[in-house]
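Below, each chain spelled out in residue letters.
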Amino acid sequence: MSKTEAGHYFEDFTIGQELRHATPRTVSVGDASLYSALYGTRFALTSSDAFARRLGFARSPIDDLLVFHIVFGKTVPDISLNAIANLGYADCCFLAPVFPGETLSARSEVIGLKENSNKQSGVVYVRTRGFNAEGKEVLTYVRWVMVRKRSPEAPVGEARVPELPKAVAASDLVLPKGIDFSAYDFGEAGAPYHFGDYKAGEKIDHVDGMTVEESDHMLATRLYQNTAKVHFNQYTEGQGRFGRRLIYGGHVISLARALSFNGLANAAMVLAINGGRHVNPLFAGGTVFAWSEVIETAALAGRHDVGALRLRTIATKDLPCEAFPDLDQAGKFPDNVILDLDYWVAVPRR
Amino acid sequence: MSKTEAGHYFEDFTIGQELRHATPRTVSVGDASLYSALYGTRFALTSSDAFARRLGFARSPIDDLLVFHIVFGKTVPDISLNAIANLGYADCCFLAPVFPGETLSARSEVIGLKENSNKQSGVVYVRTRGFNAEGKEVLTYVRWVMVRKRSPEAPVGEARVPELPKAVAASDLVLPKGIDFSAYDFGEAGAPYHFGDYKAGEKIDHVDGMTVEESDHMLATRLYQNTAKVHFNQYTEGQGRFGRRLIYGGHVISLARALSFNGLANAAMVLAINGGRHVNPLFAGGTVFAWSEVIETAALAGRHDVGALRLRTIATKDLPCEAFPDLDQAGKFPDNVILDLDYWVAVPRR
Amino acid sequence: MSKTEAGHYFEDFTIGQELRHATPRTVSVGDASLYSALYGTRFALTSSDAFARRLGFARSPIDDLLVFHIVFGKTVPDISLNAIANLGYADCCFLAPVFPGETLSARSEVIGLKENSNKQSGVVYVRTRGFNAEGKEVLTYVRWVMVRKRSPEAPVGEARVPELPKAVAASDLVLPKGIDFSAYDFGEAGAPYHFGDYKAGEKIDHVDGMTVEESDHMLATRLYQNTAKVHFNQYTEGQGRFGRRLIYGGHVISLARALSFNGLANAAMVLAINGGRHVNPLFAGGTVFAWSEVIETAALAGRHDVGALRLRTIATKDLPCEAFPDLDQAGKFPDNVILDLDYWVAVPRR
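Here the protein sequences come in this chain order: A, B and C. When the first sequence is numbered by my numbering, its final residue is 362 and no position is left out of the sequence of numbers. When the second sequence is numbered by my numbering, its final residue is 362 and no position is left out of the sequence of numbers. When the third sequence is numbered by my numbering, its final residue is 362 and no position is left out of the sequence of numbers.
Derived by calculation from the structure, the hints in this document are not laboratory data. Predicted model, so just to flag it, every value in this text is computed and none were measured. Mixed in with the good hints there might be a few duds.
What the hints assert, rightly or not - The list that follows gives simulated cross-link-like pairs (lysine-lysine, BS3-like), each with its CA atoms no further than 30 Å apart:
1) C:Lys15 to A:Lys15
2) B:Lys344 to C:Lys15
3) B:Lys126 to B:Lys161
4) B:Lys15 to A:Lys211
5) A:Lys215 to B:Lys241
6) A:Lys15 to C:Lys344
7) A:Lys15 to C:Lys215
8) A:Lys211 to B:Lys241
9) B:Lys15 to A:Lys178
10) A:Lys241 to C:Lys215
Okay, chain A solo, but in the shape it has when bound:
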């Protein structure tokens, strides 16, 4: 029998199946430095231990999205090695901050399955949970991917598509215990805009653009121990659909988040991701731009120091965003749009 990991095919999944993903990973200041170097992120909470301590953290937590990428990476060998497409995310909550020295692991449960009508593939829905070494859940999200069948004839169970919330309810957002944003220093953080300064419907062009090189996205994706072949193997991808390596969608999310500092410098933490769609692929050489819209503003129960903004951030390639490129009348994005991300961030009140 081959000892090589071939990944699961659609017919290998069953509703309720538990997948315990391999390779726990201790995160460190080394990972944080690489994350800085890869994206140029400047949010003060993750940049300065001193800043974090004034808010009641022991030190700067690991960037929320770095935690997401590491947990996500672990799921690839079990869930998406034979994926045709990563279709979406939903109901992603960041439940506890992760600090350097903590060890992350991940488990997933299959919560939905639906064969495609051509019987060549099907959609798999999983609820993934990330844990620290003490077993505390730090992250949870649902993802669905289209996965190949090993053989079209293989029998599959009845279709089941989970009901997923359009967005995480503001009342379900979790702030770390004992954290107090009253001491938040807007000057140090780089912009004066507080929670009350943002209104639903407001659009912000993040102005700056960042060009991606092959080496950048591969360094990032390897750092996350993400093994999806399409990101790394030019020999095979050169003969494939695009003729080149595809950039990990999470790399685009992190770029968009880093670019969003210009206009959202006080979006201190990502609390939840309501949904995300990789509208078009990104390849090396492309320059990523982004703009955001405030979808909703929400108070957080019992908190006078901080509120939540629901944002929609659109990332583009080779298209500056001063015109806020978006869905057209027919509900179709321009080809230059690569990401449509709906998420909640915490913004201090003044």
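Add chains B and C to chain A, keeping to what the hints say.
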């Protein structure tokens, strides 16, 4: 009102204006590792904790130039986002070593302003200071940049150009307290040459060359949280003056310093930068070479263990330096020269 | 006298000569993160402190190959700066785990010399030892390189070629004291295959491919403070034999080891390298694949928790390995084969 940072224009600056720069940054061993990987630096003091401890340091300090780049990066959004050119540095002193875990922040004071005769722009002089989280000043320098005016008609104050020293006086150089170079191990450090072996007028070709890739300089410049657009955005720069991304001048300084190990292995610390000029731009694909001249040798008051060399290091692109390429009769550098840096280093005595 | 390091030429070496290599280097979690980002390695022991602690380690050790590369890097200025070719390794043993915070240094002894018949060069054999700051030996290996003569007429001593073992004897393999693999979690590590599942003669295609960019291999090789010119200087190499930068052979070894996770996920530690040959050069843009053969399985004295596999791992460029490309009848490798590595790994028993 736009929440996006547009940066200051020339007419926004006033003499005496204090700028408190955003995003404090905790430096870590992760940053030190990246700095190694980006430049291949081999100076023993920053490479080995054990080596540093024998000299009385608690551990290896963060490379002086990494401290400089991080402090410099913080000033970009407030000072040089609308800069046309970075004209020079002067009077830069490293005042205290910075160790992993320390948090750096920066403030600047406007000390000079001079509108250009075309009224399209002007030169801004700032004194920038870097601090650790305890408020101790670790770095100070003057920089001047040519900054666009928002509108040529905008009124500006009277011109004032600060007097700047040609060089930091040897008597103003600062060595960390309690540090003793008597235990310096020349064998471990990689070369036998001590302070007394260097004479004013001596020229050293550093022999080796290092080719720069787009990914390298962008990783570096993002690590420094430097947001100058010209380094990152091929979409925009592709339509600009050079048709490509410009490499951060500080990247060249760090490359030249790393190359200078071959001939100056015992130039253990950079004590001051007297002046620096980015003579020509560097682009990815270029190979950097360097040579140095000893300008002056100076005793340090009360120190028998260490002296100071004033060096001038010239970096070139695609031009080996065995012929010591320099200013011609007309005072002009060859096009392949990219950096002319004048600085003080500490070299142990035997 | 020039202060620049010119490296040793063949006639500068003498049998018994001791070389104390420069620049001790403290390894850190920053180096470990970069190693992850460069190779995407997933072995649980070096990925998770929690996993390592359950086996009795204080935390995750630094990857064995990262230790090798750092020790190797130190020897380059003294041994192979004027090398024409790196001919082989033998008798390499990992003697003690290295943890973040430890400082590595290296010494070599010349154990063999043989002038080539053309008197232009000769082969130098050295025994290199790596030490931590307490003087404990952590690594030992023999390497031989072809080194230029400064002048063909220079007299040299009698030829002496050391006898080298074909392989490290299983009885000489060293496991860290107090380590117990009984608590090894095969699920967390990513594969169920234990020592008893592997049989001599078994071949494993590691399936995945990894494309190498210029920036990747230069970041790696600078991280190791390896100064061999051929890896970094496109200006000079562009005019040389290959017209381009040559990738450090150790980079290929680390890529092959990382790829081998798929099939050898429980090859928890590299215990020894019996021999290695860089069969053909690798250049940026090439995609590396690998396959392995189990050469021998060996019990380890007094250990019921772990055994040793002697592996031969072949790496290729731009050639997937499902056909196990190998030496042909004439004893010649196909041009796409770049590495033939013979080594011992520790694999837990169940």
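Status of each hint after checking the structure:
1. Note on Lys15 (chain C) and Lys15 (chain A): the hinted pairing is violated, with a Cα-Cα distance of about 55 Å set against a maximum of 30 Å.
2. With a C-alpha separation of about 28 Å, the suggested pair Lys344 (chain B) and Lys15 (chain C) falls inside the 30 Å cut-off, and the hint holds.
3. With a C-alpha separation of about 12 Å, the suggested pairing of Lys126 (chain B) with Lys161 (chain B) holds against the 30 Å cut-off.
4. Proximity of Lys15 (chain B) to Lys211 (chain A) is assessed by CA-CA distance (about 12 Å); at most 30 Å being required, the pair is judged to hold.
5. Proximity of Lys215 (chain A) to Lys241 (chain B) is assessed by CA-CA distance (about 22 Å); at most 30 Å being required, the pair is judged to hold.
6. A distance of roughly 28 Å separates the Cα atoms of Lys15 (chain A) and Lys344 (chain C); the hinted pair therefore holds under the 30 Å criterion.
7. Distance restraint check for Lys15 (chain A) and Lys215 (chain C): the Cα-Cα separation of roughly 10 Å lies within the 30 Å cut-off, and the hinted pair is therefore satisfied.
8. A hinted pair counts as satisfied when its Cα atoms are at most 30 Å apart, and Lys211 (chain A) with Lys241 (chain B) qualifies at roughly 29 Å.
9. The hinted pair formed by Lys15 (chain B) and Lys178 (chain A) meets the criterion: a straight-line CA distance of about 28 Å does not exceed 30 Å.
10. With a C-alpha separation of about 22 Å, the suggested pair Lys241 (chain A) and Lys215 (chain C) falls inside the 30 Å cut-off, and the hint holds.
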